[in-house]
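S.K.: Chain by chain, the residues:
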Amino acid sequence: MRSIRAELVRDTVATLFVQANLHLDPALLDALERALENETAPTARDILDDLSENARLAARDGLPICQDTGMAVVFVTLGQEVCIEGGALSDAIRDGVADGCRKGYLRASVVRDPFLRQNTGDNTPAVIHYDLVPGDLFRIAVVPKGFGSENMSALRMLKPSDGWAGVRSFVLDTAAAAGANACPPMVVGVGVGGTMEKAALMAKHSLLRSAGVPNPDPDLARREAELLDAINELGVGPGGLGGHVTALACFLETYPTHIAGLPVAVNISCYASRHAEAQL
Amino acid sequence: MIRLALPEDRDRFRTLQAGDRVLLSGILYTGRDAAHERLLLTLRGGEPLPVDLRGQTIYYVGPCPAPPGFAVGSAGPTTSGRMDFATPDLLRYGLAGMIGKGKRSPEVVAAIRETGAVYFGATGGAGALLAGRIRECRTVAWPDLGTEAIHRLVVEDFPVIVLVDSRGEDLYRSAAARRTP
Ligand code: SF4
Chain A
125 MRSIRAELVR DTVATLFVQA NLHLDPALLD ALERALENET APTARDILDD
175 LSENARLAAR DGLPICQDTG MAVVFVTLGQ EVCIEGGALS DAIRDGVADG
225 CRKGYLRASV VRDPFLRQNT GDNTPAVIHY DLVPGDLFRI AVVPKGFGSE
275 NMSALRMLKP SDGWAGVRSF VLDTAAAAGA NACPPMVVGV GVGGTMEKAA
325 LMAKHSLLRS AGVPNPDPDL ARREAELLDA INELGVGPGG LGGHVTALAC
375 FLETYPTHIA GLPVAVNISC YASRHAEAQL
Chain B
3 MIRLALPEDR DRFRTLQAGD RVLLSGILYT GRDAAHERLL LTLRGGEPLP
53 VDLRGQTIYY VGPCPAPPGF AVGSAGPTTS GRMDFATPDL LRYGLAGMIG
103 KGKRSPEVVA AIRETGAVYF GATGGAGALL AGRIRECRTV AWPDLGTEAI
153 HRLVVEDFPV IVLVDSRGED LYRSAAARRT P
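Protein sequence lines, in the order shown, are assigned to chains A and B. Each number in our numbering corresponds to the 1-based position in the first sequence with 124 added. Each number in our numbering corresponds to the 1-based position in the second sequence with 2 added.
Hints in this document: simulated from the structure, not taken from any laboratory. Yeah, the Cβ is synthetic: ideal placement off N, Cα and C, and Gly gets one too. Hints are not guaranteed to be accurate.
Quick look at which bits of chain A chain B covers, simulated, 3 or more residues with Cβ under 8 Å [stated by the list, open to error]:
#1 187 to 195
#2 240 to 246
Not the full set, but computed from the structure, chain B residues with beta-carbon under 7 Å of chain A [claimed, not checked]:
#3 73
#4 103
#5 128
Only chain A is shown next, with the shape it has when bound in the complex (with noise of 0.2 Å):
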């Protein structure tokens, strides 16, 4: 047995809060800089300015890339021989997003209840999405996820003769619906197979991924690069309006499912995917 104190998940969870918010990961920096390659028509390009110099401006002066520092989602990978020490998991990973929340000047984004609707005032709760894994890893990953482009996720239970022809047309659709809400380019997070739920978390668990780096299956990642070109036909463009440049990324994941269905989960995201993770 491995045992890892509470405190110390609640610092991690706080620290890689603050990180994912201030710091654009550099491959989405990258990307965005490649994509001032690709426009000519100056709003495109003008807005390809004005977002990495914000992402330059946040990491300079400490502030967040973006004012929807999102719901925290967390992934946990937790080995079987681990013990969480001086108090229970959720609750470290609670007290680790309010802190990160006070700490990085985060915005409180979250209801305490749908209906009710009041404001929580420290970001609490998360959604945690906790897997069992052999031996005595634990890794803990972050997704503050901004809900413009939640809003603009789509999920859809279509037949298996729709096949794959089936699941383009339907990121497409959505990649399209999304235009201007999701501050692109877009970042498009895509979940196949499974039952609902699955292709849904598949979808966002996608977004755990940098830029640039494919699926390591070699027919997921030819599908993933198919989807990007695709996407990018679109001419949604930077700001929607307009342009070569729709996505800086697709992510693909996949899952057995039930010979009756073909479960498709789009979760969008926008250039300001953000995402961190830890080991300890």
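Position chain B with the ligand against the provided structure of chain A, taking the given hints into account.
M.R.: Quick look at chain B with the ligand alone, frame taken from chain A:
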């Protein structure tokens, strides 16, 4: 580049055209989902609004808290479409301008045309950059709403683009038309 002082130059809103780049200086009021629900309820109840928004411009934003030494934290635009339910009423009441991101409903575009208002876009996702153009931020109504309260901002050279002009020309629609020949 066009420069406008707010609210004094609201009469010049009618001269703006979709696609114009504008630098705004002066007063903006913030308001997003929760404040719009209350604004609409107040208007429909025939009560006075807690802030006189006639002739003013609303910025759809929920800013981050200000770190020490800053007037405001990150403060970029939120999705305007979520405010469409209240916007025609606010425009008819006298609201002159709006700043946000994303498409508006046909009802909002019609109300913009009818009242001679303007809908500006700020770069979505550029919250840190835009915060640098905000000199002051003070809560003026409904502080219980936290970031969603109505704040009065003083801005300087705040960069926007005209998305829907007073004739109802919509920059998103013309951008889409250009790419479907
Ligand atoms: S979509 Fe992303 S970049 Fe745009 S406002 Fe929301 S969190 Fe920020």
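S.K.: Work down the list of hints and note, for each, if the structure agrees.
M.R.: Status of each hint after checking the structure:
Residue count for the region 187 to 195 of chain A with a Cβ under 8 Å from a Cβ of chain B: 7. That meets the three needed, and the coverage hint holds. Interface restraint, the region 240 to 246 of chain A with chain B: holds (3 residues with C-beta to C-beta distance below 8 Å; minimum three). At its closest, the beta carbon of residue 73 of chain B sits 12 Å from a beta carbon of chain A; the interface hint therefore is violated under the 7 Å criterion. At its closest, the beta carbon of residue 103 of chain B sits 5 Å from a beta carbon of chain A; the interface hint therefore holds under the 7 Å criterion.
The interface hint given for residue 128 of chain B holds, since its Cβ lies 4 Å from the closest Cβ of chain A, which is under the 7 Å cut-off.
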